Amino acid sequence: MMNSPNFPILSVITYLPLLGILVICLINSKRHDLIRWVAFLTAAVTFLVSLPLYFRFDAGTWEMQFVENIPWISQYGISYHMGVDGISLLLVLLTTFLSALAILSTWSAVDKGVKGYMISLLFLETGMVGVFCALDFVLFYVFWEVMLIPMYFIIGIWGGPRRIYAAVKFFIYTMSGSVLMLVAILVLFFTHYHATGIMTFDILTYHRFGLPANMQFWLFLAFFLAFAIKVPMFPFHTWLPDAHVEAPTAGSVILAGVLLKMGTYGFLRFGLPIFPQASVDFIPVILILSVIGIIYGAMVSLVQDDIKKLVAYSSVSHLGYCMLGMFALNLEGVKGSILQMINHGLSTGALFMIVGMLYERRHTRLISEYGGVMKVMPVFATLFLLVAFSSMGVPGLNGFIGELLILIGAFKASLGYGLLATIGLVLGAVYLLWMYKRVMYGRITKEENKNLRDMTGREYAYLVPIIVFIVWIGVYPKPFLDKMDVSVQHLLEVMGQQRTVMLDVPEHSELRATHAMNNYEQYAADQGR
Amino acid sequence: MASCWIENSTLLTAIVGTWAPFVTFVLIMLFTRHRPKTSAGLSLASATVSLASALVLLGGHWNLQRPLEYTGRWLVSGDIYIPFGYLLDPVSLLMLTVVAIIGFLVQFYSLGYMAGDPGFSRYFALMSLFLWSMMCLTISPTLFQLYIFWELVGLSSYFLIGFWYEKFSAGQAGKKAFVMTRLGDVAMFLGVLLILLHLGNLNILEIDSPKIVGLMPPEMLTLAALLIFGGIIGKSAQFPLLTWLPDAMQGPSPVSALLHSSTMVAAGVYLFERLFPFFLFSSTATTVGLAIGTISMLLASTMAMVSRDIKQIWAYSTISQLGFMLMGLDAGGLFAGAFHLTTHAAFKALLFLCAGVFIHQYGTNDIYDLAAKGTRRMRVPMLCTIIGAGALAGLPPLSGFFSKEVILAKLAGLPNPIWLVAALLGVFLTAYYAFRPIFIMLFPPSLPAANASNAAPEGTRHRLLYRIMVGPLVILAGATVALGFLQTPLRNFLAGQYTGLTTAGGAHLGWLPYVTSLLATGGVALTWWEFGRPGARQTGFVDGIPVIARFFAERWYLDRLYRAILDHAVDRGISAVLAQNDTRVIDGSIDGISRGTVLAGRLAALINAGMIQYRLLMIFAATVLLSLYFFF
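In the order they appear, the protein sequences are chains X and F.
Quick note, the first sequence lines up with residues 1 to 529 if you use my numbering.
Quick note, the second sequence lines up with residues 1 to 632 if you use my numbering.
Honestly, the hints are just simulated from the structure, not real lab data.
Worth double-checking, as some hints may not be accurate.
Said to hold, decoys possible - No more than 27 Å apart at the CA atoms, straight line, and that leaves these computed lysine-lysine pairs for DSS-like:
1) X:K375 x X:K446
2) F:K211 x X:K450
3) F:K167 x F:K37
4) X:K375 x F:K211
5) X:K30 x X:K112
6) X:K446 x F:K167
7) X:K478 x X:K375
8) F:K37 x X:K375
9) X:K450 x X:K375
If you're wondering where the values come from, they're calculated on a predicted model, not measured in any experiment.
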């Protein structure tokens, strides 16, 4: 049945979690373990169902695949239009993958209101998958808002001591961005209607709709704010540390792993193709903000005494790389950016899980409360280090490939930004190793740390799969990069048709760089013979 | 096809030799962590395989005419390929052999040194990891592969420095080493990307070919060369990134012998050899390199003159000797650098392994303590230390003398005599600091009674461990003596490298060897006068001027400077300001706006609260305002 071309696989993936919610609703709320198992199994099945997406995805075309297009509110041209291409494919898979593991990661740590908690997590999954699949503005916006509510509850109810502040902050920030986006969507809709007489909210239609340049500017600005808050780009990032620190582990994992990617995904799906001219005009602003974000996030990480806050700020730095690569607007940069989204989801997700493991044992996240933990938790120490190295981009692990592509892209676009961005590479090593040293090395000074347990079976179950991918992408990234190749190329071509100037680089140096890359490809092809 | 088969057998040897340690690493980590004996056996077996294959490769290609290169594609994605493979030419074959031999000897030695350590298996796993990455680095055909393994040896170094993780200072030192080398690595990475953008690939042979001059504008070439030199500065602990190496001595002594003296830190120098023609294309880069090498050599020498820690003395001397190699290379002497690298690898590994025997026996690094506890009674290690120090000092007829001679001849050929003068000063200082620990340990003021602390360790097990450790010492001591006489065959072997490259030949000054020997002997004599002669006060002439002695001992305050920059400028400066900016400025204004909104809402609610007084007041005010508006 699933192999038939008309099988609505995307809808199934999107709504399977709702089925799980239905089942959970029927369970007595005192039966915590049963609820947990149902939630986990639902998410696990969702992941398994989403796997065929990867195998049946045709990497040879940029067209949307697994498309479902049903009229929904036809008098306004709203339709239920879902589909994935090479840009969203990996993000959908990342979402289903991390959702299952995230449920596993906060198993016993949440013991009050387990039912509501698991319902929120599953509901969140529906929203997230929907956002990455939706190809209709209204549908997209519905999923976008749907996803906000469970996250608000997850932080606000099951969070730490300052959870209300963090939840409200998260909500207001995101909400103010998305309201602007809604206005922009409506303006876009009416402009299109006046120009062509056709009412449609179909996103793909707008990819081909050439907006006047001055209009592009204002609409892009509105979208930019919505997505920049989500990414988050400097200076819209301050909701992030608060939300992360207060959220329970699963919340942090999902927040860092998937929710932040909605901002970057938004730029790829809306910003670049619908407003190509404005995107190019905005390049300097975005590159500067990205580089500031890279250095700023790393610098602030350096002085955190709370492990989770440190990891949260490192996200600001890493997402800066994603934006830098994306707005290099060349193949390497954009592909690196997408891969780095996945990498960040894996590495930072794993880091939050690791912080969660420490927290579950000691109920503190202060670096100074630890020290010498390696002695009692050797396996944990090894995996922790591996994840930390992945996050700082050591060769052989996933972070390196992403950063390499991004930096090649950034270099081709602009030498200066590329140079500045590398400062983050050094700082990344500094803050992570500094934290690792304080937590893991030395003698155990605190009595409470003397009898910490090493990894439990459940912890292996959710950390090891991530590590498998961390190593896999690091050693052999081809299966992941190949899927996005054609789609990214197409995106750049569509943009290129309307693009006149490219960055502030003189024409000839750009040409020379391209020329050199062609040589390289030729050379590489020769080598293979 | 016969040639194909021959090439394949070479390929097979190279693959097996370089990847055997990696297999061992994986096996130990996954399966034999709790079985130390099996782990050590596996590790030693793979080291033997590596050694054998390195020797086979070296022997089979002794008369190599042109570089052998094999590349396969490592696919990143559709159109981006990264070639991986092997480049066998005299430079890499020589380095490969050095790494394999010392790697094997050190692992054998470690059987004794690390016996009974709770992390025995982990130690051998990490050593294998290092050996694998170092050998793959050595035979890289592309700069990209080299960079990847360059980072991986840095990683192994991080693990091994912090091997005794319960020692907080060890973790500290590991982090410091990783971060400082990373600083250089990032520069190198940028340089590599620059080359990629201009040349279109990172093939080392192409980078070394003259066509690069046509593809890269001179200023870009200089920039790339300088950036890559930044990586060398980090890895080879040159000025100004030199302070991580003495701290790296926190690791076990065999680690210091293998990684932090003979091979890993020499990778920087090796990279220079690898890109030798490329660096020579830029005269600015070689001049900067010459200056950095000279500064590092002299700086480290002065630090070694006042240190009391035996491993730190040898660590400083490593920095100094690496600087010396870079001077030779920058002066245009490929053979000079490569030859000194080889002899240095032998005698420096020897010195560290000897120091390891002393430390293992007496549990202290302090040379005065060691002397007082009776190191002079451990005859073989003491004799080996003297041989190693002699080679380090450049005393004829030990190998160090010959290799230094080659470098000095190259420097003498430079138009500016200052480099030669600096190098000769270096020779004198080296002889002085190399023999300072020797005389201190040979002639302690008082010795404990012979039977109180027996030189030969007691018990059969202890004796066995001692013998295991002494074995490699004897071999290395032999190599230290013999290598000097292999100068001509090695020179012929390396002559095949970069043929057609014309560099200024060194001056053949007949007086140079005599001056050098005289300076070296003078240095030793001065040390003897101060530390060795009967009734010597055992304080150096530097100690007479406390200000300078302190200055040297504090590493020219470089560490303090970096610490201060990190603490005050970064931690308490920029980072603190940025963190404050987050909470005060950004959050402050956002919270302010929201508070303002709430306040405005309250106010509006108040107006509409339905209290009759306010209504009346509002009506009154409105009437007044309206009448004002209408009547005036």
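For the pair we were handed, X:K450 and X:K375, check the Cα-Cα distance against 27 Å. 9 Å, holds
Need the status of pair F:K37, X:K375: alpha-carbon distance at most 27 Å? Satisfied, since the Cα-Cα distance of roughly 22 Å is no more than 27 Å.
Could you grab the alpha-carbon distance between X:K375 and X:K446 and see if it respects the 27 Å cut-off? 13 Å, holds
Going straight from one Cα to the other, do F:K211 and X:K450 come out at no more than 27 Å? 62 Å, violated
Does F:K167 lie within 27 Å of X:K446 when you go C-alpha to C-alpha? Holds - the C-alpha atoms of F:K167 and X:K446 are around 16 Å apart, at most 27 Å.
Against the 27 Å threshold, does the CA-CA distance of F:K167 and F:K37 hold or violate the hint? The given pair, whose Cα atoms are some 25 Å apart, holds under the 27 Å limit.
Can you confirm whether the C-alpha distance between X:K375 and F:K211 stays at or below 27 Å? At roughly 55 Å apart (the allowed maximum being 27 Å), F:K211 and X:K375 break the hint.
Between the alpha carbons of X:K30 and X:K112, is the straight-line distance 27 Å or under? The given pair, whose Cα atoms are some 10 Å apart, holds under the 27 Å limit.
Hint check: X:K478 vs X:K375, CA-CA at most 27 Å. Holds or violated? 38 Å, violated
This entry does not satisfy hints 2, 4 and 7, going by the numbered hints stated previously.
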